[in-house]
Amino acid sequence: MSNTTTKTNRGPKTGVIEVPEDVALSVQHLKKVYQTDGGEIEAVRDLHFDIRAGEFVCLVGPSGAGKTTLLKCIAGLLAPTSGLVALDGRLVTGPPKGLAVVFQEYGRSLFPWMNIRDNVELPLKNQGVAKDERDRLVDDALEAVGLAHVPKSYPWQLSGGMQQRVAIARAIAYQPKVLLMDEPFAAVDAQTRADLEDLVRRVWKRLGITVLFVTHDIDESVYLGERVVVLSSSPTVVQEDLTIDLPADRDQLETRSMARFTELRGHVYEQIQRAKAEAPNRTSSTPTV
Amino acid sequence: MSLAKRLAYFVGLPILLLVLWWALTIGNTNFFVPKPLQLFEIFGDVWFGDRLVTDVLPSIGRLLAGVAISIVLGIVLGIVIGSVRLLRQLTEPSLEFLRAIPPPVLIPVLALIIGINDQMKVAVIIFGCIWPVLLNTIEGVRAVDPVLNDTCSVYGISGGARMRYLVLRSASPQIMTGIRQSLSIGLILMVISEMFGSSSGLGYAIVQFQRTFSVPEMWTGIILLGLLGVALSLVFQFTEKRVLRWYHGLREVDR
Ligand SMILES: Nc1ncnc2c1ncn2[C@@H]1O[C@H](COP(=O)(O)OP(=O)(O)O)[C@@H](O)[C@H]1O
Ligand SMILES: [Mg+2]
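First to last, the sequence lines map onto chains A and B.
Note that the numbering used here has the first sequence beginning at 2, numbered continuously upward.
Note that the numbering used here has the second sequence beginning at -1, numbered continuously upward.
Because the hints were derived from the structure by calculation, they are not lab data.
Now the stretches of chain B that chain A is said to cover, found in silico as 3 or more residues with beta-carbon under 8 Å:
| # | segment |
| --- | --- |
| 1 | 142 to 153 |
| 2 | 158 to 164 |
If you want the footprint, here are the derived chain A segments under chain B, 3+ residues with CB under 8 Å:
| # | segment |
| --- | --- |
| 3 | 72 to 80 |
| 4 | 91 to 102 |
| 5 | 116 to 128 |
Since this is a predicted model, take the numbers as computed values, not measurements.
For each residue, glycine too, the CB sits at the ideal point set by N, CA and C.
The task is simple: from the sequences and hints, build the whole structure.
Rendered as structure tokens:
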């Protein structure tokens, strides 16, 4: 019904894609051109990267770089114009099982006719998860995002930040293997944001899931990620793929005040400035920091 | 608002108008001018005797059947047409054409095809009532938020579950608007369908009273129709409040 859910498959017919053993998510020469009444819009030119199973990768890039487009291609909501996405070595042609997305337009991603609890519960119910198990997962998820006290409220009765936490709770309760998040904390206040950042790290560790986290906040990307992928501005390619060699146990105060943190942040900042200034370089360089 | 206060608001103006009517018709001897007390006296005799079974209940039955079929058919077809772009484009001109036909002109046609019976009358009601539901449902289904749609896709909510949790609920404000319009159209068509060549029903009875110069009786029929309209509207409002609680809340917050 919506043009965002096409399932055209222009990739190989077999559906099995050759990827290294430990790669969970493989994006290969992905290109996406939107056909609009006003002509063609090239949102993503040539994106190529792998994410290993269990990795926490942050994706930063200027606004309009095609981050949301990339996420939708990965989630199987948009068919790439060329190139492909493979999840666990299987070509993505539609929304894969075990993948959850927290959308950028969080307010519109909640069902306004369901209360908070029902919103979080719906995907589980739809999957046929038993009632006890469902209740436990929903309770845990609401507890984790600090919304255990408002299960009967409706989304539109909550602030933007709380709505986003509901969307996060729904994704967590679903127990995905891969979690995609599209600028999830853009609308929440600083304190909540710090709490949610730590929550996402905790969930990532506890469930051992693969996380791809889109943000335009450089600090956030360095604080959260094991790796930061910097996108160029449009036409979009991978500008830089940076390993974040900070200790695994992150602490808002401690980690952020480390010299290495400042160094990495400075580096990402520089890359983004370069991405904005110059036409993107086509080869994704692996820099020495 | 408390229940008592709401009730007072609800009946306040009607009572005032009744009193006014009564006061203005005191001493009036014109046979064609109805008097409230007189109508009140004969109302029960006219409608709650034999006519309850021969005219009132059959009329209401046909009305409810016609409206119910229109609602179900309108929603089902509306979801199908609204979900498939090609169908939408193919059906749009025809729907506009069919909708433009005033349903009463079908009465002679249907009387020839089906005969003058209950089915014909229900068919006339359906032909008038289905359009608001159908067209509003199509609009509602079309307007499903793309982000919610993506959300359903990601979480594997498809097919019947998608209809139930997403499409129907999301289109429900428009569907309810369509139903409200259908109810008033239904009442009109119920009466009209009984006025030609019919032998029972409220419409028939009112025409019959008029032909036999039973003017007060005729007026009670008109009042009964008005009361029926009010009852339908109350049932509708009661249902709408429950079905669209979220929608009214959402709109209040947006404002
Ligand atoms: N559905 C669409 N149709 C046409 N153009 C689109 C659509 N969605 C996004 N775009 C365009 O593609 C480019 C990338 O958008 P987007 O993926 O939303 O970027 P980001 O999330 O990085 O801000 C923008 O120029 C945007 O205008
Ligand atoms: Mg975006």
